[in-house]
Amino acid sequence: MSSILRQHAEDLYAQELEEIRKQDDEKKPTNWKLSPQAVVLYLVGGKLKNGFEVSPKYIGSKRLMEIAVATLTTDRALLLYGLPGTAKSWVSEHLAAAISGDSTLIIQGTAGTGEEAVRYGWNYAKLLAEGPSEKALVETPVMRAMKDGKIARIEELTRIGADVQDTLITILSEKTLPVPELNTEIQAVKGFNIIATANNRDKGVNELSSALKRRFNTVILPVPDSIDEEIDIVRRRVESFEKVMELPAEKPALQEIRRIVTIFRELRSGVTLDGKTKIKIPTGTLSTAEAISVVNNGLAMAAYFGDGQIKAADLAAGILGAVVKDPVQDKIVWQEYLETVVKPRDEWKDVYRACRDLPSM
Amino acid sequence: MAIHILGIRHHGPGSARNVKAFLEANKPDIVLVEGPPEADEILSMATDTELKPPVAILCYQPDAPQHSSFYPFADFSPEWQAILYAKRNNIHVRFMDLPVCNLFPLRRPNPEEPSQDLSGKGSDTVNNVSEETTTEEEEQGITIQIKKDPVTYLAEAAGYDDGEKWWEHMFEHRIGNEEVFEAINEAMGTLRELLPEKEDRIEQAREAHMRKMIRQAEREMFQNIVVICGAWHAPALINMPSQKQDNDILKGLSKVKIDCTWIPWTYNRLSYTSGYGAGVFSPGWYEHVWQHPEDDGTLWMAKVAKLFRQKQMDTSVAHVIEAVRLAESLASLRQLPKAGLDELNEATLSVLCNGESILLSLVNRELVISDRLGQVPDTIPKPPLQVDIEKTQKRLRLPATADWKDYTLDLRKENDLERSILLHRLRLLNINWGQASASSGKGTFKEQWRLQWQPEFSIEIIEKGTYGNTTEEAAATFVEEQSAQATSLKVVCSLLEESIPAELPKAVEALIKQINTLAAASGDVIQLMEVVPGLVSVTRYGNVRKTDAELVSGIATSMITRICISLPAACTGIDDESATNLVGLLATLNDSVSLLQNEEVSRQWQQTLTTVAENNNTAAIIAGYATRLLADYKILEGEALVKAFYYAMSTASVPAAAAAWLEGFLKGSGTLLLLDNDIWNIVHQWIGQLEEESFTQVLPLLRRSVAEFTPAERRKLGEKAKTGNVTTIRARETDIDEERAMKGIPVILQLLGHNNN
Numbered sequence: 001m002s003s004i005l006r007q008h009a010e011d012l013y014a015q016e017l018e019e020i021r022k023q024d025d026e027k028k029p030t031n032w033k034l035s036p037q038a039v040v041l042y043l044v045g046g047k048l049k050n051g052f053e054v055s056p057k058y059i060g061s062k063r064l065m066e067i068a069v070a071t072l073t074t075d076r077a078l079l080l081y082g083l084p085g086t087a088k089s090w091v092s093e094h095l096a097a098a099i100s101g102d103s104t105l106i107i108q109g110t111a112g113t114g115e116e117a118v119r120y121g122w123n124y125a126k127l128l129a130e131g132p133s134e135k136a137l138v139e140t141p142v143m144r145a146m147k148d149g150k151i152a153r154i155e156e157l158t159r160i161g162a163d164v165q166d167t168l169i170t171i172l173s174e175k176t177l178p179v180p181e182l183n184t185e186i187q188a189v190k191g192f193n194i195i196a197t198a199n200n201r202d203k204g205v206n207e208l209s210s211a212l213k214r215r216f217n218t219v220i221l222p223v224p225d226s227i228d229e230e231i232d233i234v235r236r237r238v239e240s241f242e243k244v245m246e247l248p249a250e251k252p253a254l255q256e257i258r259r260i261v262t263i264f265r266e267l268r269s270g271v272t273l274d275g276k277t278k279i280k281i282p283t284g285t286l287s288t289a290e291a292i293s294v295v296n297n298g299l300a301m302a303a304y305f306g307d308g309q310i311k312a313a314d315l316a317a318g319i320l321g322a323v324v325k326d327p328v329q330d331k332i333v334w335q336e337y338l339e340t341v342v343k344p345r346d347e348w349k350d351v352y353r354a355c356r357d358l359p360s361m
Numbered sequence: 001m002a003i004h005i006l007g008i009r010h011h012g013p014g015s016a017r018n019v020k021a022f023l024e025a026n027k028p029d030i031v032l033v034e035g036p037p038e039a040d041e042i043l044s045m046a047t048d049t050e051l052k053p054p055v056a057i058l059c060y061q062p063d064a065p066q067h068s069s070f071y072p073f074a075d076f077s078p079e080w081q082a083i084l085y086a087k088r089n090n091i092h093v094r095f096m097d098l099p100v101c102n103l104f105p106l107r108r109p110n111p112e113e114p115s116q117d118l119s120g121k122g123s124d125t126v127n128n129v130s131e132e133t134t135t136e137e138e139e140q141g142i143t144i145q146i147k148k149d150p151v152t153y154l155a156e157a158a159g160y161d162d163g164e165k166w167w168e169h170m171f172e173h174r175i176g177n178e179e180v181f182e183a184i185n186e187a188m189g190t191l192r193e194l195l196p197e198k199e200d201r202i203e204q205a206r207e208a209h210m211r212k213m214i215r216q217a218e219r220e221m222f223q224n225i226v227v228i229c230g231a232w233h234a235p236a237l238i239n240m241p242s243q244k245q246d247n248d249i250l251k252g253l254s255k256v257k258i259d260c261t262w263i264p265w266t267y268n269r270l271s272y273t274s275g276y277g278a279g280v281f282s283p284g285w286y287e288h289v290w291q292h293p294e295d296d297g298t299l300w301m302a303k304v305a306k307l308f309r310q311k312q313m314d315t316s317v318a319h320v321i322e323a324v325r326l327a328e329s330l331a332s333l334r335q336l337p338k339a340g341l342d343e344l345n346e347a348t349l350s351v352l353c354n355g356e357s358i359l360l361s362l363v364n365r366e367l368v369i370s371d372r373l374g375q376v377p378d379t380i381p382k383p384p385l386q387v388d389i390e391k392t393q394k395r396l397r398l399p400a401t402a403d404w405k406d407y408t409l410d411l412r413k414e415n416d417l418e419r420s421i422l423l424h425r426l427r428l429l430n431i432n433w434g435q436a437s438a439s440s441g442k443g444t445f446k447e448q449w450r451l452q453w454q455p456e457f458s459i460e461i462i463e464k465g466t467y468g469n470t471t472e473e474a475a476a477t478f479v480e481e482q483s484a485q486a487t488s489l490k491v492v493c494s495l496l497e498e499s500i501p502a503e504l505p506k507a508v509e510a511l512i513k514q515i516n517t518l519a520a521a522s523g524d525v526i527q528l529m530e531v532v533p534g535l536v537s538v539t540r541y542g543n544v545r546k547t548d549a550e551l552v553s554g555i556a557t558s559m560i561t562r563i564c565i566s567l568p569a570a571c572t573g574i575d576d577e578s579a580t581n582l583v584g585l586l587a588t589l590n591d592s593v594s595l596l597q598n599e600e601v602s603r604q605w606q607q608t609l610t611t612v613a614e615n616n617n618t619a620a621i622i623a624g625y626a627t628r629l630l631a632d633y634k635i636l637e638g639e640a641l642v643k644a645f646y647y648a649m650s651t652a653s654v655p656a657a658a659a660a661w662l663e664g665f666l667k668g669s670g671t672l673l674l675l676d677n678d679i680w681n682i683v684h685q686w687i688g689q690l691e692e693e694s695f696t697q698v699l700p701l702l703r704r705s706v707a708e709f710t711p712a713e714r715r716k717l718g719e720k721a722k723t724g725n726v727t728t729i730r731a732r733e734t735d736i737d738e739e740r741a742m743k744g745i746p747v748i749l750q751l752l753g754h755n756n757n
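These protein sequence lines are chains A and B, in that order. Numbering follows UniProt numbering, with no gaps: position 280 of the first sequence is 280. Numbering follows UniProt numbering, with no gaps: position 658 of the second sequence is 658.
Simulated from the structure, these hints should not be mistaken for lab results. Bear in mind the structure is a predicted one, so any value in this text is a computation, not a measurement. No false leads were mixed into what you were given.
25 Å max Cα-Cα, derived DSS-like pairs, lysine-lysine:
1) B:Lys338 x A:Lys28
2) A:Lys147 x A:Lys28
3) A:Lys28 x A:Lys190
4) A:Lys343 x A:Lys331
5) B:Lys506 x B:Lys490
6) B:Lys513 x A:Lys280
7) B:Lys255 x B:Lys382
8) B:Lys338 x A:Lys27
9) A:Lys126 x A:Lys147
10) B:Lys513 x A:Lys278
11) A:Lys343 x B:Lys513
12) A:Lys213 x B:Lys311
13) A:Lys47 x B:Lys165
14) B:Lys490 x A:Lys280
15) B:Lys27 x B:Lys212
16) A:Lys213 x A:Lys175
17) B:Lys303 x A:Lys213
18) B:Lys306 x A:Lys213
19) A:Lys62 x B:Lys338
20) A:Lys278 x B:Lys490
21) B:Lys506 x A:Lys278
22) B:Lys20 x B:Lys338
23) B:Lys165 x A:Lys62
24) A:Lys135 x A:Lys175
25) A:Lys27 x A:Lys49
26) A:Lys33 x A:Lys49
Assemble the whole structure, with the sequences as input and the hints as a guide.
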């Protein structure tokens with residue numbers, strides 16, 4: 001087993017990609033490794049004709065994945081938008097892996113991301129020694145993707161400054177990257193496209209200019225539709241975490257996962273699952289990813305400090321930490337939820353007690 | 001002689017086109033359409049230029065108008081096209097469904113059970129009947145989910161996840177229509193063979209009656225008969241059983257009197273979202289498909305773009321181009337021949353709306369469903385709500401006059417009470433026939449009304465007729481709808497106030513539920529506190545008849561729980577005015593809590609009061625009042641109470657704050673000050689040590705606190721302050737020789753009749 005903490009999607013799922021490729025007889029766009037239909041199959045999972053089982057990467061609406069893939073077949077770029085923890089980067093990585101076989105052409109957007117990180121930079125030693133030349137040019141992931149006809153990924157696009165964002169406009173509309181210093185340009189090869197991700201909860205981000213926005217098709221990744229879907233996601237991810245961390249704890253009972261997911265869903269949607277009682281919504285996001293980390297946290301607690309079996313008490317602190325982000329507002333929300341929703345549920349007595357007994361309450 | 005059975009999907013534009021083409025090609029001499037035979041007479045109005053779809057045939061029982069059925073038609077309904085064809089070409093057209101006069105008694109035996117023709121999806125496609133026995137709507141929704149649509153089996157076989165979509169792609173969106181009816185008949189025939197026959201009396205009777213009508217047309221020597229019916233029924237009309245068998249089924253059906261009329265319908269009510277069983281998801285889209293069968297999405301996208309521009313959203317031509325392209329590549333990814341509404345919507349969402357589904361809901365409302373309203377000629381018969389109002393007016397001897405007339409109603413009299421109820425209900429329906437004026441001091445059992453009938457009320461009545469056929473039903477449904485849309489507690493509460501005299505128990509129940517929902521979402525404690533006392537008095541005195549007291553008290557307690565949680569925070573950091581206001585609310589809420597007599601709630605309330613009283617940041621007047629309430633509950637007594645007083649009156653507090661605290665504590669009564677010398681001492685000392693400037697500052701506050709006391713109390717307080725010598729009182733207390741006093745106690749106890757063992 002390799003000692004790399006986290007492998008790239010194309011390496012981790014190399015076998016699946018290979019099997020799908022063998023069975024794939026639909027038409028492939030130029031420089032695509034798989035046909036659009038096969039890419040969708042890779043993302044949502046399913047059975048191949050020869051019985052090979054493809055694991056689902058994205059659990060949720062197949063239609064959304066179809067829109068994403070269809071967008072990439074047109075010459076529009078794809079913007080994955082959504083709350084933190086709704087698998088935006090995950091989907092973008094797998095899309096790039098399936099389409100280009102390479103998910104590593106990535107730019108991490110921050111407030112400090114400069115133009116040279118998006119377009120090209122200079123190797124100043126060479127520039128001074130030899131003057132402007134192709135050799136002195138430092139390629140960026142976007143430039144490489146254009147040359148090779150691959151998918152480039154930009155994470156957190158909205159964190160990049162507006163002036164830098166707008167350098168993408170020419171690249172996206174004319175599919176070319178001019179290098180005026182050398183009086184030349186790099187023209188994108190077929191198969192090039194950009195997948196950007198951005199989240200819509202953060203404040204202080206740089207909204208895309210409408211000129212740039214127009215070059216993107218937006219797909220909003222939602223929080224999971226049904227409780228079973230969400231439980232499925234949490235269970236799969238927690239199990240893979242267990243494997244990586246080699247935790248001695250017992251597998252978490254489905255019931256515990258269900259309760260956490262229920263709490264998160266109810267607080268997120270502002271209504272109890274039976275739809276009867278309305279509840280206040282806390283300020284935090286409460287995404288599926290947070291539910292996963294609460295269960296992971298509880299697992300670790302149970303394994304190292306408890307008897308190895310995950311209990312309400314192991315989870316309580318995690319839940320509280322996830323829900324109460326604003327010490328005044330959220331605390332009221334949480335207390336109200338605890339008293340009006342959790343308390344009357346007979347089989348939730350342990351959760352109620354565990355949460356009540358937490359010191360900060 | 002030829003009989004053509006054309007199986008259709010109600011309100012399917014493709015079906016409508018096929019039917020129209022078929023009729024024009026085959027030129028029949030009679031058309032039989034699935035629909036109520038009673039409405040044959042009013043069919044002649046179909047070609048009236050003032051009759052514009054969407055419209056519906058309304059069949060109702062004149063003696064019991066709440067039993068009614070609607071048969072809606074849109075431009076793209078195959079039945080409508082068939083009727084139009086027949087009328088324009090002057091050939092016979094007849095409705096052939098089971099007469100409504102037989103149908104209603106059949107439905108009656110199990111009014112609780114949702115009628116079968118709306119339950120299965122397969123029959124949805126088949127039955128163009130919208131039932132208006134309002135209470136059942138919810139249940140219908142449920143059964144639709146439980147029962148599997150038979151068409152789904154076919155769709156699954158073809159690899160679709162939804163029967164509706166499969167049907168649409170197979171039959172509605174295709175341009176060529178060769179042999180489509182044969183295909184439908186065959187498909188449905190196979191389905192009916194494979195699926196267990198529903199043993200449903202109504203279904204059997206309906207199909208039997210349809211066959212009977214076909215036989216009759218044959219007997220009348222028509223040569224070319226075309227039958228338009230829901231696809232599900234088609235096989236049953238092709239394979240005719242013996243005439244006797246059908247007659248047996250139809251034998252002994254009871255009958256009621258039925259009236260029919262045309263009423264305007266809306267696309268909104270044609271859509272599934274409004275709870276109509278045989279509806280379609282997207283009437284607006286269907287109209288588009290009906291009018292522009294060859295559109296590849298460009299025209300639709302142009303419409304969407306136009307809508308967005310009207311709503312001040314920048315939408316360029318490039319957007320439209322990209323959206324159409326995305327829709328097309330989606331269609332090809334899904335291996336569909338043509339982009340359907342799903343693909344177009346998804347493209348709109350992704351390209352035009354930046355992924356925001358809230359904008360898409362605008363498209364959905366305005367274009368996909370569309371708010372189109374039909375129109376009917378003025379000459380048509382009266383709607384049932386009007387009939388009901390006129391009947392009630394007659395019964396209560398309350399004629400509608402154009403001149404105003406005053407009435408004084410004595411609610412203790414049966415007739416006057418009913419009049420008042422009627423007027424209140426009409427007011428709820430925005431039919432302001434009666435203006436209530438304050439009855440001049442005649443007690444609560446009298447109401448003063450001024451009545452004046454306006455001609456435009458009849459429009460209001462027709463409009464409100466969609467809510468129900470009697471004033472009670474319509475008012476209740478209308479109130480429920482308003483309450484569902486309301487976002488502020490105040491609106492719902494005022495609706496509740498108006499609904500109680502209108503005696504609408506169902507609406508009141510819905511309003512209370514809505515109040516609960518809004519209360520949960522509301523972060524405003526003040527609002528909650530304003531509402532609770534009213535609810536509590538409802539549970540306590542039951543002034544709403546038939547309201548489930550249990551339900552209301554549950555809601556009231558849960559609201560008090562919410563208040564208890566947020567109250568401590570709400571009492572901090574507020575200005576004087578809101579603090580005074582809050583004290584008043586605390587007082588009424590405190591009364592309500594006592595009224596509820598729920599131990600759990602009282603305990604919770606007292607705990608909250610303790611928190612409020614002890615919190616240093618609580619506004620002083622509230623803290624004072626909370627302390628006073630705790631003293632009333634005997635939770636703070638003796639030493640503890642004195643301690644609290646000392647603390648509040650200590651020199652470290654700003655004089656104004658201390659005075660405010662005192663004002664809160666003394667609110668309404670100074671008895672405690674008169675009786676408890678320890679407290680008197682504290683107050684006395686506190687005032688004594690105030691510097692002149694501070695004294696002038698707090699004097700108005702103190703005056704205000706004392707002003708509310710009864711004159712007797714004020715006088716006694718004044719006397720006590722004049723003698724003012726608190727130390728003597730204390731001294732007198734300490735003068736007692738306790739040892740000697742103890743000796744007297746057994747004697748006193750004996751005198752009082754106590755045995756000392």
